[in-house]
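Asks: Fit chain B to the given chain A structure using the hints.
Here is what each chain is made of, one letter per residue.
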Amino acid sequence: MSELLVATRKGLFTLVRRDARWTIDRADFIGSPVSLVSSDPRDGTRLAALDHGHFGCKLHRSRDGRTWDEIAAPTYPEKPADFVEPEGAQPVPWNLKLIWALQPGGADQPGRVWCGTIPGGLFRSDDGGDSWELVEALWNHPSRAKWFGGGADQPGVHSICVDPRDSRRVLLGVSCGGAWLTTDDGASWEQRAHGMRAAYLPEERALDPENQDPHCIVQCAARPDHCWAQHHNGIFRSTDDARSWHELSENARPSAFGFPVAVHPGDADLAWFVPAVKDEMRIPAEAKVVVSRTRDGGKTFDVLGDGLPQSHAYDLVYRHALDVDPSGDVLAFGSTTGSLWVSEDQGDHWTHVSAHLPPVYAVRFTRA
Amino acid sequence: MPQVHFTANIQRHVSCPPGEVAGATVREALEAVFVGNPRARGYVLDDQGALRKHMVVFVDGQQIRDRVGLSDAVSPSARIHVMQALSGG
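As they're listed, the protein sequences go chains A and B.
Numbering of the first sequence is given in the working numbering, commencing with residue 7 and proceeding in unit increments.
Numbering of the second sequence is given in the working numbering, commencing with residue 57 and proceeding in unit increments.
So that you can see chain B by itself, here it is in the shape it has in the complex:
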């Protein structure tokens, strides 16, 4: 199953330990994380469910393309990294 890792910076506000979740897209994988950690959702996604403006998600080292729909595919062995962008803040 895909592995999801969160930036260390988010841990100060809400604990987001790394984990393995089911999902064939970034959306499915993140939503699977948020089922068990609902408070984390608002730290990563905006009110409309898009990736926050100054957050960035990598799948196997590549930035995702669909920041709104989070439809980028993830393989069962994928490593998903949820990071802060260096813009904004």
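The following block holds chain A by itself, in its conformation from the complex:
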């Protein structure tokens, strides 16, 4: 059975299922912000991103789930003295601000790990994180001049989907910069956010793919042409390899705003969201924590609240803080107020695992 990794503002917690209950088995990096954690299905390696604030962002690796070693953090190259900012660009510092995505490569690319960051750089490692290289084709893409920060001061790569059919095909989600696809292992990139809509921009710019703010993009493992996006504006779906996106916000209940999305690994029509009141509010609708679930590709949504607090609850769930396990039956999510819930029946019922964790940044089931 998978273990459950919970990255929080004050450490990394590893939970195991024992005697039919999920319990905290380990606590690592206590006192340090752990912005993200990943589990590699190829060999079980875990990566934890630490954000030390004063001392910068660091990466740690565990081969056994018990002991951790610091490895290289992605580092932006020296900015050339004669570098000319693209016309219209708001210059961003060439400094790592946050590790916002960690995704192992395909089974045919041992050692490959992709890392998305703020201020917008994508990095690639081919030695499991011992060294990193900025993906220059994306960093130097002229369209990057149109990216801007959403929530954070600078843009960032937060979603990385490696196509299980072909590891050289990688889809990114960028806030705010749309969705980007490479089909040649990062050598070239094209915009794939057509159909997304940005109500936070003037009408004439609302459909510009470069200005879209997908909060999270996921891909169905069994049908990789099928993707879901929880966007700043609502819920979008693509069934054609992200060539086009269709908005389903009007069907969403109780609201279409939120950060995370999870899709069933074997059923592209089955996806989960954690809705909130949009923009400056960022609290659950009517102060009730619920998960919304669609089983029919977004035509209808179930509102699931059994086991979740239904009055005066102000938990927000960040984009990496919802996950579904490889079986597709077990879900977990953690909140900004330090609660963690698990469901073992696709969201019908939820168990409150803890109410006293630090603010939760990321929740991931182990994959090996």
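No lab work stands behind these hints, which were simulated from the structure alone.
These numbers come from a predicted model, not from an experiment.
Misleading hints may appear alongside valid ones.
To spell it out: a stretch of chain B is covered by chain A in this simulated footprint if at least three of its residues, at any positions, have a beta carbon under 8 Å from a beta carbon of chain A; those stretches are [to be verified]:
hint	region
1	90–99
2	103–111
Capping the alpha-carbon separation at 16 Å, the derived lysine to aspartate or glutamate pairs in EDC-like fashion look like this [said to hold, decoys possible]:
hint	chain 1	residue 1	chain 2	residue 2
3	A	Lys85	B	Asp102
4	B	Lys109	A	Asp57
5	A	Lys152	A	Glu196
6	A	Lys16	A	Asp57
7	A	Lys16	A	Asp34
8	A	Lys152	A	Glu216
In this text, a Cβ means the ideal position worked out from N, Cα and C, and glycines have one as well.
Replies: Quick look at chain B alone, frame taken from chain A:
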């Protein structure tokens, strides 16, 4: 030779014992430290080699002026303190 001391807070993450190093500027002195302790570099300097935003360096009790180039001069008897700023974090 200049003496370099690091904040106690950094020791939790990477050991940075005090030491004497050669150098006529803050940059030269710190780089001399990092030759023997390369992991410490990223804790003190950013990707571009400037002092991290929320770090501060004192030379003989005075904050350095050049946080980017680290060109402030240090004398052979200087005491360099690498500290956390009280901002940020």
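Asks: Hints first: check each against the structure and report whether it holds.
Replies: Hints, one by one, checked against the model:
1. 90–99: holds (count 3)
2. 103–111: n = 6 at 8 Å, threshold three: holds.
3. A:Lys85 / B:Asp102: Holds, at roughly 12 Å.
4. B:Lys109 / A:Asp57: holds, 14 Å
5. A:Lys152 / A:Glu196: With Cα atoms ~14 Å apart, lysine 152 of chain A and glutamate 196 of chain A stay inside 16 Å; holds.
6. A:Lys16 / A:Asp57: At roughly 10 Å apart (the allowed maximum being 16 Å), aspartate 57 of chain A and lysine 16 of chain A satisfy the hint.
7. A:Lys16 / A:Asp34: Roughly 9 Å between the alpha carbons, so the hint for lysine 16 of chain A and aspartate 34 of chain A holds.
8. A:Lys152 / A:Glu216: holds, 6 Å
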